[in-house]
Amino acid sequence: MLAVPTACPFCSCGCGFHLLVREGQLSGVAPSQTHPVSGGQLCARGWSAHEAAVWGDRLRQPLVRRNGEQEPASWDEALDYVVARLKELLAAGKPVGVLGSARATNEENYLAGKLARSGLGTNNVGFSYYPVCAPLLAGVEEVCGTEPTLRLNDIASSQIILLIEGNLAETHPRAAGSVLKALENGARLITIGCRETQMVRVASLHLQAAPGNECEVINELSAGVADLGQSRPSVSIGNDAGLQDLEQHVGSLANLQAAEWITHAERAAFLIPPIWGQGDHPRKAAAAFARLAAITGHLNRPGSGVLPLLARSNARGACEMAVVHDRLPGYDRLEDAGSRQRLENLWGKKLPSAPGWDAETLVQSVSGLVIVADDPSSVMPMGQKAMAALGKMEFLAVLDAFATPTASMAHALLPISSFAETEGTFTSMEGRIQRLRPATNPPGDARPGWQVLAELCVRFGATASYHSASDVLREVSQAAPQYAGVAQRLAADGWSGVLLEDSGKRKLQVSSAGSIAVETLKSADRPFLLARDPAFDWGSDPLVSFSPTLSRDFRSQHKAFPEGFVEMSRDDANALQIRGMRKVKLTSTHGEARVPVLVRADLEPGLLIVPYAFRDHVSGALGNDSIAAVAVERA
Amino acid sequence: MAFIIEKKAVSGWLESLLRLGEVIAPTRSPTGDVLFSTICSAGDVMWDLPNPLHPPKEAVLPQTDPIVQIKRNGSHHEVEAIHDDHRRFLVNARSCDVKGIAFLTRMHEMEPADASYLERSKNLTIISQTCPTPCPLGFCVCTDSGPFLSDSYDAQLTDLGENFLVEVGSAKGEAAVAEGQGLFRKASDDDLLQRRMLEEKAKQHFGEQTCHFASAMRRISTGRVHETLWEKMADWCLECGGCNIVCPTCYCFSVKDLGCDGTWIRCRLRDSCQYAAFTLEASGHNPRAQRKDRMKRRFFHKVSAQYYTRDGTVGCVGCGRCVQVCLGTTHMPAVVAAIRKGNWYE
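In order, the protein sequences belong to chains A and B.
Numbers 0 to 634, taken from numbering that gives the first Met the number 0, label the letters of the first sequence in order.
Numbers 0 to 345, taken from numbering that gives the first Met the number 0, label the letters of the second sequence in order.
Each hint should be verified, as a subset may be incorrect.
Pairs of lysine-lysine, DSSO-like flavour, derived with a Cα cap of 27 Å [to be verified]:
#1 K93(A) with K558(A)
#2 K582(A) with K384(A)
#3 K121(B) with K231(B)
#4 K291(B) with K180(A)
#5 K582(A) with K558(A)
#6 K231(B) with K180(A)
#7 K558(A) with K180(A)
#8 K171(B) with K121(B)
#9 K558(A) with K231(B)
#10 K558(A) with K171(B)
#11 K202(B) with K340(B)
#12 K558(A) with K584(A)
#13 K340(B) with K180(A)
#14 K349(A) with K584(A)
#15 K521(A) with K558(A)
Treat the hints as calculated values from the structure; they're not laboratory data.
Produce the complete structure using the sequences and hints provided.
As structure tokens, then:
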């Protein structure tokens with residue numbers, strides 16, 4: 000039996016474990032006590048990480064669509080076909096694009112970006128999870144830049160943990176474990192959210208916030224800090240009107256208590272996942288959150304800081320490899336001429352300077368698309384719309400290890416290695432770059448993704464001669480300044496990975512907060528708030544859906560609720576005399592939707608929450624928004 | 000029967016075992032972890048390594064365990080058992096794991112007996128080592144599974160300085176010792192006295208921080224653990240299932256067929272009773288939908304008098320692995336202490 004150490008492919012905590020191999024086949028997972036993040040502990044997903052690669056519906060040979068059917072082809076045929084079709088579209092002046100993925104390696108994402116920019120000459124490049132996490136990253140970046148300010152291991156030794164609670168125990172069990180350890184050591188947890196989750200039950204203090212109202216609660220906390228007289232003089236919590244608005248809430252003892260704890264804590268952890276909201280609200284809320292960390296002095300202090308909680312393993316890496324329409328490797332801005340020049344020198348080619356379409360628009364607008372290990376319909380907020388757009392695509396090429404709904408629509412399907420069979424690196428949300436090590440051979444004719452992408456790059460005239468994934472990483476080190484020397488350090492350091500440096504060059508910008516009260520959305524006619532739960536739907540991720548152990552919960556949920564559901568509080572259900580699983584009609588300014596109700600005791604009245612997996616069942620009422628005021632009637 | 004083998008002669012003995020079958024022993028991996036792995040030469044066995052976090056039950060009950068092969072033949076299917084009759088030697092396992100495998104074997108011998116498991120355990124010879132210095136998180140002294148054993152091993156080694164004392168506990172152990180002909184001599188009374196003294200000394204190493212099962216058992220067995228306590232504790236469990244996966248006595252599984260070209264391999268997959276869908280029924284009903292109920296079930300199975308009477312032991316060998324892998328804070332000693340005291344964190 001062989002034990003191959005590798006990085007976990009699920010959430011972005013960046014755990015590590017050994018894949019066990021028996022007679023050439025993955026047979027299990029063994030923990031690693033020496034791993035700096037997981038230290039011998041894993042979550043349910045980690046313990047079953049080997050399953051999807053073995054039991055999943057794997058792609059084994061290239062397929063090309065002929066007469067409406069996907070038929071087997073040789074690698075050369077398939078690659079020729081992809082190149083010919085994309086060149087046709089380019090020659091006809093039609094827009095093309097590339098999607099990378101938050102579950103693809105840095106090397107794959109880097110080459111996907113290179114294929115788009117250097118090969119296809121476009122900045123139409125993105126990844127499906129970006130629309131979900133971009134506002135969060137942008138908000139935090141406004142205050143503390145793009146460098147990580149808090150490490151996961153800092154959480155356990157924090158005295159105060161401020162958490163915008165989605166459902167941490169489920170989305171990031173490793174981080175939740177650290178929170179529990181901190182509480183065991185006497186720390187206090189303050190949660191902000193609308194549901195009585197596991198983390199809320201163990202919290203010292205819970206601050207109620209309706210979806211879209213987090214920003215207000217955060218500002219109230221900031222006002223509380225100001226009231227304690229502990230804030231720095233440069234703090235401004237907005238204009239006078241904003242101040243007055245805040246002041247009337249300062250009476251809230253809970254807020255004051257929380258503000259006091261945060262201010263007096265030596266080490267405080269600020270944890271924030273992607274959140275709900277209309278328009279600019281999620282970004283503003285994230286900025287307000289980071290600002291609270293800044294004004295309480297927790298941004299430049301070792302062991303304190305803000306940690307954006309990203310769902311998928313390599314979301315941070317995908318950003319830094321710049322599969323983003325307006326960024327360059329290193330997450331530098333596209334308009335930064337210096338960064339573009341650096342890349343042009345490296346790639347030996349003039350690069351497009353006009354930003355591309357963002358991922359959601361891109362899927363709707365291009366005629367030809369190359370998708371690397373991504374499934375837009377299950378990840379993008381507008382899932383069905385993305386699916387419909389893919390169906391209408393003139394040419395769709397998909398590189399994936401698994402047969403996803405997106406793969407089934409491809410005109411050309413190129414099978415690549417899964418995480419268990421490939422070399423490459425992931426960058427976790429705390430900025431730890433770790434190596435994946437192949438434990439087995441890929442099934443059938445599947446090839447490592449970086450090889451296939453390098454081949455495509457070459458065929459489109461981009462330089463790409465690599466002998467290994469490490470060669471690609473060495474080039475990344477030149478393209479993205481913060482990755483300088485990473486390849487060498489990884490080779491030397493091995494297991495603990497390489498942490499992106501925290502250069503301490505943080506800008507503290509405090510601009511006007513201007514919160515939008517979501518309450519104003521509601522009206523007498525539409526007294527309920529319908530909100531989409533932003534927590535990532537793991538049930539649609541092939542690593543979960545193809546794992547016999549992990550898929551059970553999700554599969555049974557989809558089987559039990561074929562029409563989806565919205566969650567409603569018990570009080571509301573009683574008032575409306577709606578019994579569980581009966582349908583309601585939701586009417587908003589966008590339109591209406593009919594959907595069954597799941598009655599919950601742990602939800603605040605006045606809210607209807609739709610799980611991300613079932614978001615398309617209420618798209619009639621939600622439109623393109625993530626929150627809408629609705630009227631509810633029995634249907 | 001007890002023998003003495005000089006330490007420098009041990010590798011000669013292991014070489015002869017290597018010729019007979021697979022030898023599995025703790026080794027230090029490149030990551031610095033200690034893992035049970037197949038060794039290639041006798042020199043790979045290091046006797047002073049800490050007990051690996053991943054238990055050796057993998058040798059009898061792999062995480063993915065192919066049991067039968069199903070083949071389509073015309074209009075019907077042929078079912079054929081998959082045999083694993085490799086002879087294996089588990090070397091330098093510790094007392095807790097020896098008791099763990101004995102527990103599993105007793106369980107799988109119960110009617111209907113599990114032929115697949117028993118074939119593996121029948122071909123497995125366990126050459127364990129006693130623990131003169133108990134490991135920091137272990138509490139085997141509370142579960143009657145260490146630090147020294149008087150049964151369940153095939154051969155038990157005790158470090159006597161220059162020599163190992165080798166106690167033979169079964170015919171398999173006897174056969175293994177016979178392979179090292181000429182390397183063993185009969186142990187003297189002095190050797191045996193030395194072993195007994197080491198055992199007594201080892202027991203003194205366990206502090207007050209041990210696991211008090213008896214009181215917890217009384218409360219669990221008579222339903223005197225308050226529902227609110229289970230509820231409270233359940234909030235500190237993150238449902239990772241790690242406790243089950245590394246527990247030397249856990250054997251729950253689910254079944255899944257791995258299909259390929261008209262042939263299916265029916266596999267037993269290690270499972271966790273802490274996962275929400277573990278008890279999900281086809282109707283959609285789940286008798287243990289809430290985490291507190293799953294937790295209650297787990298500790299009832301491990302610590303209740305009902306199971307103690309049947310198994311003759313608690314379902315715990317005191318290895319302390321759950322303390323290390325628990326992503327939350329609800330490992331065996333913590334829960335047993337909470338039940339005994341009647342409260343969780345205040």
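| said: So, against the hints stated earlier in the document, which numbers end up violated here? | reply: 1, 3, 7, 9, 10, 14, 15
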